[in-house]
Amino acid sequence: MILNASGCLDALAAPEVARSLDAYVTKTVTPLPRQGNEPVRIAETGAGMLNSIGLANAGIDRFAADVLPRLAELGVPIWVSVGGFSAQDYARLCAVLDGRDEVAVIELNVSCPNVASPEEEVVAIVSTARAATSKPLYAKLSPAVPEVGAAAGAAARAGADGLTLVNTIRGLALDERTLEPKLASGPGGLSGPALRPVALAAVFAAHRATELPIVGVGGIETGRHALEAIAAGAAAFALGTVLFADPEAPVRVRDELEGEAAALGFETPLAAYGAAHGEHPPKPLRQVA
Amino acid sequence: MRRELLDVVRVDEIGPYRLLRLRRRRVESGIPGQFFMLSPPGRLLPRPMSLCLATRSELGFLIDPVGPGTQALVSAGRGDRLPVLGPLGNGFRLDVERPLLVGGGIGIAPLPYLSERLGHPPAVLGFRTEEHAEAAALVANAEVVVEPRLVTELLRPGHDVLACGPEPMLRAVAGLAPRAQLAWEAPMACGYGACYGCAVGIGGELRRLCVEGPVLSGHVLVPGTGTGPDRSVAA
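Quick mapping for you: the protein sequence lines, in order, are chains S and Y.
Residue numbers for the first sequence follow numbering that gives the first Met the number 0, so the first one is 0 and each next one is one higher.
Residue numbers for the second sequence follow numbering that gives the first Met the number 0, so the first one is 0 and each next one is one higher.
To be clear, the hints were calculated from the coordinates, so they are not data collected in a lab.
Hints may be right or wrong, so weigh each one.
Partial list, computed: chain S residues near chain Y (C-beta under 8 Å) [to be verified]: (1) Leu8; (2) Arg40; (3) Ser133; (4) Glu247; (5) Val250.
Even for Gly, the Cβ is constructed at its ideal location relative to N, Cα and C.
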């Protein structure tokens, strides 16, 4: 199952790309409209990309009234990513989406690496959201925590139905000549190839720590990368930065994945599920929503 | 939305600039002012480039090799193939009665193709140095100034201005010719509305230049109205 990483595809601007996915994940929706951060917002780095978009979005009310009905016309399951600044924000967002048939899954953009106790923050947000909706809830976690497995376990106990791993990690790039930050906001979220081993380790840890289905995200560009995510414990994966350069990546990666799995003797890609753990017997596959 | 792999025909030197010439295959040349995303070898992200020249067999892109991406693009040679996505965005409106093309520096990139499509109207071009001004040869009927003279000195009333150049030039042109069509640029990761990296202030809001532009009408950005591509508009 192939998804896009939240914020890496506008399905209304590129519907044919969205239709090449098994589910479309929206850009994060917040309670109020947000213009986002001042430009410059993106920069290429040696092995990745920095972004500081600042959650630009129309806000939940306009999203629910105008955007969601148009997304539903795509004919692809819609995952709505939501983000807030308090647990109550998440509750409100989930309550609005709870009654909407167009919504297949709510993904909680839980990425607060700078709080004192990441696990407590995850528990507060997931449990509050859980009380506000019966929709499947996926918690998207930051890998920038001491123990991703502990955060994953906290999300599971708080009522998450699945995990999306990982969000970007903080990075900084400086201008060649001025030595000032390239992004107007200073640091930004690092994605792309540099994030891939970080994501793989997070999926690996979360697979051991919980029974929840996992969507692997972070630097996946090829079928081999996707196969590794599956082997580490992802039951699905999402493409992010690669979509910027290659809108046809979903089709290409799907083809490559079949070939890579077959070359290693797996009947299907998901037959490699958990293979990195050498489990005997393996954990049963938890299908993603 | 298809990327095409295009063969590099060759790279011409034009002063400090380079003209990257690609075998065209099935790629549409689009409307002047539209752009293409060109993927430099060995880089993660493609780079937005407006089309400079279109012949039956080739597409040409004028590039100022100032960073690792543009340098990688112009280092490509015969035998290399580059992924190309496009044409993208909104180009110039060509239904103009008395066109005057205005270009500054590497911003002249879309003007040769635009000039051809408009039947070689008059053009005024400004460059930093005489060496940069060699690129003026690409544009028919061009009057050229070199700094410290500025291209805005050559603007004449009664024309439909179509301009591309650095931001201060575009703002100055918009001040003199509020109905001018202006081609802007911004860093872009995708060029098709996905990344939100190219947001600029348009109509008082931060909006994606790749979706709304890159050609915008001058009257929405007259300095002082707070409605133009304005980097100060932010949350």
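Checked hints:
The interface hint given for S/Leu8 holds, since its Cβ lies 5 Å from the closest Cβ of chain Y, which is under the 8 Å cut-off. With a least beta-carbon distance of about 5 Å to chain Y, the hint placing S/Arg40 at the interface is held under the 8 Å criterion. Because the closest C-beta pair between S/Ser133 and chain Y is about 31 Å apart, greater than 8 Å, the hint is violated. Contact between S/Glu247 and chain Y, as hinted, is supported at the beta carbon level, the nearest pair being about 6 Å apart and thus within 8 Å.
The beta carbon of S/Val250 comes no nearer than 10 Å to any beta carbon in chain Y, farther than 8 Å, and the hint placing it at the interface is violated.
In this structure, the hints that do not hold are numbers 3 and 5, in rising order.
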